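Engineer: Single-letter residue listing:
There are 2 protein chains.
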Amino acid sequence: MSMIPVDQAIERLQSNSRLLVDNETIGLKLCRGRVLASDIVAGIDVPPADNSAMDGYALRLADWQEPADALEISQRITAGTSPGPLKASTAARIFTGAEIPQGADIVIMQENCRGDEKRVWIEKAGKAGANIRPRGQDIRQGATVLKAGHRLRAQDIGLIASLGFDTVKAWRRLKVAIVSTGSELVEPGQAIEPGQIYNSNHYMMDALLSGWGFEVIDLGVTEDDPEVLSEVMTRASKVADVIITSGGVSVGEEDHVKDVVESLGSIDLWRIAIKPGKPFAYGQVHGTPFLGLPGNPVSALVTLLVISRPFLFASQGMRSTDIVPLRQPALFDKPGSTRQEYLRIRSRAEGVELFSQQSSGVLYSTTWGDGMVVQYAGQDIARGDAVDVIPYLLFN
Amino acid sequence: MSMIPVDQAIERLQSNSRLLVDNETIGLKLCRGRVLASDIVAGIDVPPADNSAMDGYALRLADWQEPADALEISQRITAGTSPGPLKASTAARIFTGAEIPQGADIVIMQENCRGDEKRVWIEKAGKAGANIRPRGQDIRQGATVLKAGHRLRAQDIGLIASLGFDTVKAWRRLKVAIVSTGSELVEPGQAIEPGQIYNSNHYMMDALLSGWGFEVIDLGVTEDDPEVLSEVMTRASKVADVIITSGGVSVGEEDHVKDVVESLGSIDLWRIAIKPGKPFAYGQVHGTPFLGLPGNPVSALVTLLVISRPFLFASQGMRSTDIVPLRQPALFDKPGSTRQEYLRIRSRAEGVELFSQQSSGVLYSTTWGDGMVVQYAGQDIARGDAVDVIPYLLFN
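Residue numbers (this note's numbering), protein chains in the order written: chain F, 178 to 573; chain S, 178 to 573.
Be aware that one or more of the hints could be misleading.
Stated by the list, open to error - Computed footprint of chain F on chain S, listed as stretches where at least three residues anywhere in the stretch have a Cβ under 8 Å from a Cβ of chain F:
#, stretch
1, 188-202
2, 258-264
3, 267-277
4, 289-298
5, 380-392
6, 446-456
7, 462-471
What the hints contain is simulated information worked out from the structure, not anything from laboratory work.
This one's a predicted model, so the numbers in the text were calculated from it and none came from an experiment.
Glycine included, every Cβ here is placed at the ideal spot set by N, Cα and C.
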């Protein structure tokens, strides 16, 4: 059985994904991190009218010849008010954001003027159009500014607000059931017996999935017992859109997840050419998609970030889930292997440092730094080489 | 009045910051994005005992000579159980994660063995220690694994869980009051009149600050009216740890925020050498720190990300708020200016593309792409130059 390259594994999983949620209409204040279910199309020009970029005086440039000329101030235009047309051979006092009166073609910033309540002397003008933000400069009516499938960030929400929309149509949050398996697992806060270890993957998965905006359904830790597992997995398939387990999918006699999922649906063990990250399983339980992560914490983290994330977001309607790595010089040497490795690193101004211990059992390797270097199969890294870096934050 | 370089502005603001919150003990499931108020020190070794990295057989290497030798299977060790010492000249059936019995010094993976219930034949051994994860490999008892002031990510939470802690001591969430000013502002969802524009900064600020884990106290939009402003600012100073406004801090006659804040406390207008980003104000209202952001949406976003973010996180106990930019080749030419510019860009595999319109009024410039290039004062950028890139996600 040959190994599946990482990119193919991501793609294969993605091509198996389908939209698992309905859409709903939600208020602007609740839509951070949500995925748009329909395009945002501008119903207005932004700004809706020419307006002033400065505090100063609006006039018709042709009405001004030289600094000695005084212009009568015929109106005062504050932001939020609607000005009348500019009287010929006069100036209008105007403030930032206020609408340009009809007939004016320039705003002179007040620093270049002297004036009183009634008249203004311009010391230095400029070109027609100066300090005027034209109507529609930001967005033209009818333009599609955000597409269905886009995940909303703060600035997107600002943009939607600027168009006057107070709700958006978004895909419902994906419900993800998490189950940790392993008879050796004890919950934090309890006493530990010889042979036991604390359950850490569960908390890590919960934090990651919640941070992605999914609704986590926590089904806790279950023993490696076929009957218990069967009951939990059936329950998970009824309440969740996707089921994620950690542990229990290797070929050991004590790993019952495989048999149980097989009996309730189907399961494929994937040998992905990824390190850390083995073993990974994909299947379904009574028709509900199932992802089986490795039990090793670093492997669980890497497969969740790299392999599972695109699948989960696609299931919630996100259009593009690709992450573009950035480049930094390596401050280390490391020969390549047959698998695509995700090396735990720390970014500094001069380049990326490697954590000394890249074992999949060592979770501390993922907390020590701020990201991972992707070392492709067969790629030997020498100090000074530009390497592909993915800061953890880019997975958010 | 000379302009303040960006780095100095950040530093000056930071040095004015002080911890504004108490600490509290919270459950592991609530601590994503929270800042640690005390160090996390390991009370145990992780793993707590030598354990098997594989499903296979544990034995004393000296007990095995050649493939023809069969070893009696004297015990079966599953994860979560506590094994007895290994009987001389025997092997123990062992599973991934299970504790290594006293006396064994190697685990042979099952793929290299043939066996039945009673005996096992080893086809290929290895070196002593193979497939054994030693006690304390990840973390040694007494080690400080995370320091006070660290902001918790999913993997940190996993690490804390692996040490058996079910709570952490974290700093309380910072309460940030937001106030938008401007008589021209109308709430999204309502009809707009000539001269008015929709309020967008407010929703953008709310999303950003909530995403950072702060508790946003929304005081809505207020007119540019001194009495109303004074009432709102006083209320803000009573309920919040920090007050943030957008708009109203330029030198115009209609900008009353400055006078009002001055009358209730103090205010400094800063001329920061940043573009977009002017004007920015810092002060206090009845002793509560006050940050005055520009009214232009892109300027508001940039000053919130670049200037205000470090101050806010420091006020909530975060130790290091620096962001290390990454490097990408520029796919554009752009001469430098006297100010440090934050250019809105989009990352592609081959480099970063520039958005055509870099005006501070154009919010669409921030939604079009995925980050900003920092163009330092006087830095001319030519196509192909490696430039400093900050993906928006790094500000999270």
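Engineer: Verify this for me: three or more residues of the stretch 462-471 of chain S with a beta carbon less than 8 Å from a beta carbon of chain F.
Structural biologist: Not satisfied, violated; 0 residues make the cut.
Engineer: Taking beta carbons only, do three or more residues of the stretch 258-264 of chain S come closer than 8 Å to chain F?
Structural biologist: holds (count 3)
Engineer: Tell me if chain F covers the stretch 446-456 of chain S under the three-residue, 8 Å CB rule, please?
Structural biologist: Since three or more residues must qualify, the claim that chain F covers the stretch 446-456 of chain S is violated, with 0 doing so at under 8 Å.
Engineer: Mind taking a look at whether chain F covers the stretch 380-392 of chain S? Criterion is 3 or more residues with CB to CB distance under 8 Å.
Structural biologist: With 8 residues in contact (Cβ-Cβ under 8 Å with chain F), the coverage given for the stretch 380-392 of chain S holds.
Engineer: Tell me whether the statement that chain F covers the stretch 289-298 of chain S is true, taking a Cβ distance below 8 Å and needing three residues at minimum.
Structural biologist: violated (count 0)
Engineer: How does the coverage statement for the stretch 267-277 of chain S fare against chain F, requiring three or more residues with Cβ below 8 Å from a Cβ of that chain?
Structural biologist: holds (count 5)
Engineer: Under 8 Å between beta-carbons, do enough residues of the stretch 188-202 of chain S, three at least, approach chain F for the coverage claim to hold?
Structural biologist: Violated, because only 0 residues of the stretch 188-202 of chain S bring their Cβ atoms closer than 8 Å to Cβ atoms of chain F.
Of the hints listed earlier, those the structure fails to meet are numbers 1, 4, 6, 7, in rising order.
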